[in-house]
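J.: The primary structure of each chain is shown beneath.
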Amino acid sequence: MTLWNIVLLSSAAVLGLKLLGYLVPPSFIERPTPARVAALLTVALLAALVATQTLQHGTGIAIDARVPALGVAALLLVLRAPFIVVVTAAAAVAALLRLLGWMS
Amino acid sequence: MASSSAAPAPDSERSSAVRASLAVGLAVSAYGLSFGALAVASGLDIWQTQVLSLFMFSGGSQFAVIGVIASGGLAAGPAAIAGAALLGVRNSLYSMRMAPIVAGPPGPWGWARRLLAGHWTIDETTAVSTAQPSRRGQRIGFWVTGAVIYTGWNLTTLLGSLLGNLIGDVRMFGLDAAAAAAFLGLLWPRLSSRQPIAVAVGAAVVAAVLIPWLPAGLPVLLAALVALVVGITNWLGRRPA
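If you read the sequences in order, they're chains F and Z.
Note that my numbering has the first sequence beginning at 1, numbered continuously upward.
Note that my numbering has the second sequence beginning at 1, numbered continuously upward.
Accuracy of the hints is not assured; some may be wrong.
Simulated restraints on C-beta separations [what the hints assert, rightly or not]:
{"hint": "1", "chain 1": "F", "residue 1": "5", "chain 2": "Z", "residue 2": "165", "range": "17 to 27 Å"}
{"hint": "2", "chain 1": "F", "residue 1": "34", "chain 2": "Z", "residue 2": "147", "range": "22 to 32 Å"}
{"hint": "3", "chain 1": "F", "residue 1": "58", "chain 2": "Z", "residue 2": "15", "range": "49 to 59 Å"}
{"hint": "4", "chain 1": "F", "residue 1": "5", "chain 2": "Z", "residue 2": "107", "range": "34 to 44 Å"}
For the record, the hints were derived by calculation from the structure and aren't laboratory data.
Each residue gets a CB set at the ideal place from its N, CA and C atoms; glycine is no exception.
Chain F on its own, in the form it takes in the complex (with noise of 0.2 Å):
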């Protein structure tokens, strides 16, 4: 699989799931069950790809600049700063930290 493979495979499938809501009757979405499933669907993968993005290196995971890093996008978050503050910020303390030699 090359990589403009996956880059047209997988925008064709995320354009495609956006049409087919113009499709589809609306009833569907009134049923708690499939609703509910999507919104947490959602929550899941973003909260999975934090942890894999925090702590994977390579085949095994490593505790480095990126833990201290989230912490800090976490207390801005909590701080109601925009988007953009929170993740120049994280990569401001990660590149700090790495400078400073205290952490890979």
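Once you've looked at the hints, dock chain Z against the given chain F.
T.: Just chain Z, lined up with the frame of chain F:
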């Protein structure tokens, strides 16, 4: 202004919808910069990065693709596609909600409007639109937010990928931590009650525990089972009255 009707004047409807659209649109567009930079850092070229922003156009799914590719390479391709698609399922629900508002009357251009509306149906357009009190405001909110974000997100993606190419080592600039923070930022507003919080914690633990045992990308997909189990049993959820 001489308005004889008790309903809000059309001009104020429009200006409040446009104001909300611009505020949300510009804020969201800004983080296309981080997407562009992270995408080239994960191995995509500028064209592939731009195709994601032009055609996929859904932040969470785009970050998922590059996140999985960055850790698992081409071998993780199927997991990257599945992850992006599963994250995109919520857009189907938004489309169902938005269809009666924005699809408009059938006609020679009806299908084109539906296609564009479908393409622009994302978290932000749905949120701005459904927050407007009138049908007209909802339509304006959807289309203006969509136009601002689509333009801004694609321009900042390009700028980010050009800048990202100048940056050699991703880790030196903390871009790996920025990706983790981006996912946390997308997750945060959804943690509104005990049920999503429990799912988030459960899914994060499942994914972290599975990292050493499975190829990159699969821990994320298996963590989605937590949502399935909790969603179907409605554990910690509100019982229907």
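J.: If a hint holds in the structure, say so; if it does not, say that too.
T.: For each hint, the structure was consulted:
| no. | hint | result |
| --- | --- | --- |
| 1 | 5(F) to 165(Z): 17 to 27 Å | holds, 22 Å |
| 2 | 34(F) to 147(Z): 22 to 32 Å | holds, 31 Å |
| 3 | 58(F) to 15(Z): 49 to 59 Å | holds, 53 Å |
| 4 | 5(F) to 107(Z): 34 to 44 Å | holds, 37 Å |
The structure agrees with every numbered hint stated previously.
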